[in-house]
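Quick note, the sequences are listed as chains D and G, same order.
Numbering of the first sequence is given in our numbering, commencing with residue 2 and proceeding in unit increments.
Numbering of the second sequence is given in our numbering, commencing with residue 2 and proceeding in unit increments.
In case anyone wonders, no lab produced these hints; they're calculated from the structure.
Keep in mind that the hints are not guaranteed to be accurate.
Since the list gives no way to pick one copy over another, a pair counts as held whenever it fits inside one copy or between any two copies.
Claimed, not checked - Simulated crosslink set (DSS-like; lysine-lysine; CA at most 27 Å straight-line):
#1 LYS44 with LYS120
#2 LYS39 with LYS236
#3 LYS236 with LYS23
#4 LYS236 with LYS250
#5 LYS3 with LYS144
#6 LYS120 with LYS236
#7 LYS39 with LYS250
#8 LYS236 with LYS144
#9 LYS250 with LYS148
#10 LYS236 with LYS3
#11 LYS44 with LYS250
#12 LYS23 with LYS250
#13 LYS3 with LYS250
#14 LYS120 with LYS250
#15 LYS37 with LYS236
#16 LYS236 with LYS44
#17 LYS144 with LYS44
#18 LYS144 with LYS37
#19 LYS250 with LYS144
#20 LYS37 with LYS3
#21 LYS236 with LYS148
Computed from a predicted structure; not experimentally measured.
There are 2 protein chains.
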Amino acid sequence: MKISIIGTGNVATQLALGLEQKGLSVVEVYGRNASKAKALINKLYIANYVSSLDFRNSPADVFIICVSDNAIEEVAQNIMLPPQALLLHTSGSVPMQLLTNYHSNVGILYPLQSISLQKSTQWQEVNLVINCNQENTLPLLVKLASKLSPNVYRYSDEQRKAMHLAAVFGSNFTNHLLKIVKDIADAEGLDFGLFRSLILNTVQKAFDIGPEASQTGPAIRNDQGIIDAHLDMLKDSQGLEELYQMLTKHIQATYQK
Amino acid sequence: MKISIIGTGNVATQLALGLEQKGLSVVEVYGRNASKAKALINKLYIANYVSSLDFRNSPADVFIICVSDNAIEEVAQNIMLPPQALLLHTSGSVPMQLLTNYHSNVGILYPLQSISLQKSTQWQEVNLVINCNQENTLPLLVKLASKLSPNVYRYSDEQRKAMHLAAVFGSNFTNHLLKIVKDIADAEGLDFGLFRSLILNTVQKAFDIGPEASQTGPAIRNDQGIIDAHLDMLKDSQGLEELYQMLTKHIQATYQK
Chain D
2 MKISIIGTGN VATQLALGLE QKGLSVVEVY GRNASKAKAL INKLYIANYV SSLDFRNSPA
62 DVFIICVSDN AIEEVAQNIM LPPQALLLHT SGSVPMQLLT NYHSNVGILY PLQSISLQKS
122 TQWQEVNLVI NCNQENTLPL LVKLASKLSP NVYRYSDEQR KAMHLAAVFG SNFTNHLLKI
182 VKDIADAEGL DFGLFRSLIL NTVQKAFDIG PEASQTGPAI RNDQGIIDAH LDMLKDSQGL
242 EELYQMLTKH IQATYQK
Chain G
2 MKISIIGTGN VATQLALGLE QKGLSVVEVY GRNASKAKAL INKLYIANYV SSLDFRNSPA
62 DVFIICVSDN AIEEVAQNIM LPPQALLLHT SGSVPMQLLT NYHSNVGILY PLQSISLQKS
122 TQWQEVNLVI NCNQENTLPL LVKLASKLSP NVYRYSDEQR KAMHLAAVFG SNFTNHLLKI
182 VKDIADAEGL DFGLFRSLIL NTVQKAFDIG PEASQTGPAI RNDQGIIDAH LDMLKDSQGL
242 EELYQMLTKH IQATYQK
């Protein structure tokens, strides 16, 4: 199986590295930004940089679009593929239809993970969501995904969209809460690392006993004295007072139903 | 060292169990709610239930108040202790002064952890924040805390208050985001457990490379198409649309500074 990667960002980089690590051949990287594409090429064994979306003579049989959601359609519209090639995108939210509009053999390879340039993705821990429009393509897609991770699931557009929305709350917003933790810690000269055990244990507990049984703190206890003291500590920090208040009220509304 | 526990909630229960597990003697449990106190007594080896705060003839030398923050003062005011006994509370936010107002030998034993009844606290992983008003009490307090965990830190009231505020964001609010994840997953018939790897990896990544380098998702990419689609999916869910919008704007404001 020979693979071409369209894109040079976080997902393109970690996916290309992961595919190679699992023994697959990444033969081409396309990127509009030549210097970013070449930086990625330099990390790979045999991949060539290509600056055109004309892949009609490409040796690859699978093409994976790893560009931001709003750029996927433009790529799908302009890319020219060898016959029978499989075209995938990696987005949580973009419907498969956007690819079938332009190509006959298409699918999804969505990693349910937050992927950053600075940290190697541990692909074997990632849940991969797949789908494809041709049933006879499924074995190839499953084979590809299973090289990366044992955890491969086929879900519809609708389910994948819901997973992506949930992932924004569970991952992107959680990470931002950790940024707030770090800012509060920094302001008092406290080490951010002090909170590692607390937060890892919080997440493990939520999955072990459910987030409802796991909820603790002043909001669910209706401890207005502490809530007021915290709001007072936040009154000069832009937006944090409102955020604390909204999250507190949402917790209280959730458990007073 | 003989210890009496004042309270019967999450912290009282897990702390009493943890102290016993580490070889310390919990000799008494005080609780206003006799049935909850007796339920805790039943889990312990030798502890007796006591219904009065008159501990003048108690065999204990350390008394640990594990009641909700707004009830600590009432306990401190009414408790009668043997001479030289050490009185501790376990709150993140209540100043030590509240105890020194009524007693001469006092201190803090604040576990930086979210503690629930249904999940055994792994005390050896917990960061413990201590303080005391008498320097010659410090060795006893360190000895007690070190039995529970190797991670013992002495911090001021001010620092402990900031830690507690940060813990509300990092633990209580994070756990609530996980409740939202579960609700979205449930509505689509998806297993909440699918998100475990995503969220544990998100937290580990934030501590490994910092939450700034770790931030991904539509907010920081300014991907308004996805943001609008997500807001549209949330428009019938009470409060979630506003929460999504506020968190998104706060991320954007943080990184556009």
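Structure-based check of all given hints:
no.	hint	result
1	LYS44 with LYS120	within (14 Å within a copy, 44 Å between copies)
2	LYS39 with LYS236	neither (47 Å within a copy, 43 Å between copies)
3	LYS236 with LYS23	neither (51 Å within a copy, 42 Å between copies)
4	LYS236 with LYS250	both (17 Å within a copy, 18 Å between copies)
5	LYS3 with LYS144	within (13 Å within a copy, 62 Å between copies)
6	LYS120 with LYS236	neither (35 Å within a copy, 35 Å between copies)
7	LYS39 with LYS250	neither (49 Å within a copy, 34 Å between copies)
8	LYS236 with LYS144	neither (54 Å within a copy, 39 Å between copies)
9	LYS250 with LYS148	neither (45 Å within a copy, 38 Å between copies)
10	LYS236 with LYS3	neither (56 Å within a copy, 43 Å between copies)
11	LYS44 with LYS250	neither (48 Å within a copy, 35 Å between copies)
12	LYS23 with LYS250	neither (47 Å within a copy, 39 Å between copies)
13	LYS3 with LYS250	neither (52 Å within a copy, 41 Å between copies)
14	LYS120 with LYS250	between (35 Å within a copy, 26 Å between copies)
15	LYS37 with LYS236	neither (42 Å within a copy, 39 Å between copies)
16	LYS236 with LYS44	neither (47 Å within a copy, 44 Å between copies)
17	LYS144 with LYS44	within (24 Å within a copy, 51 Å between copies)
18	LYS144 with LYS37	neither (29 Å within a copy, 55 Å between copies)
19	LYS250 with LYS144	neither (47 Å within a copy, 40 Å between copies)
20	LYS37 with LYS3	within (22 Å within a copy, 64 Å between copies)
21	LYS236 with LYS148	neither (51 Å within a copy, 39 Å between copies)
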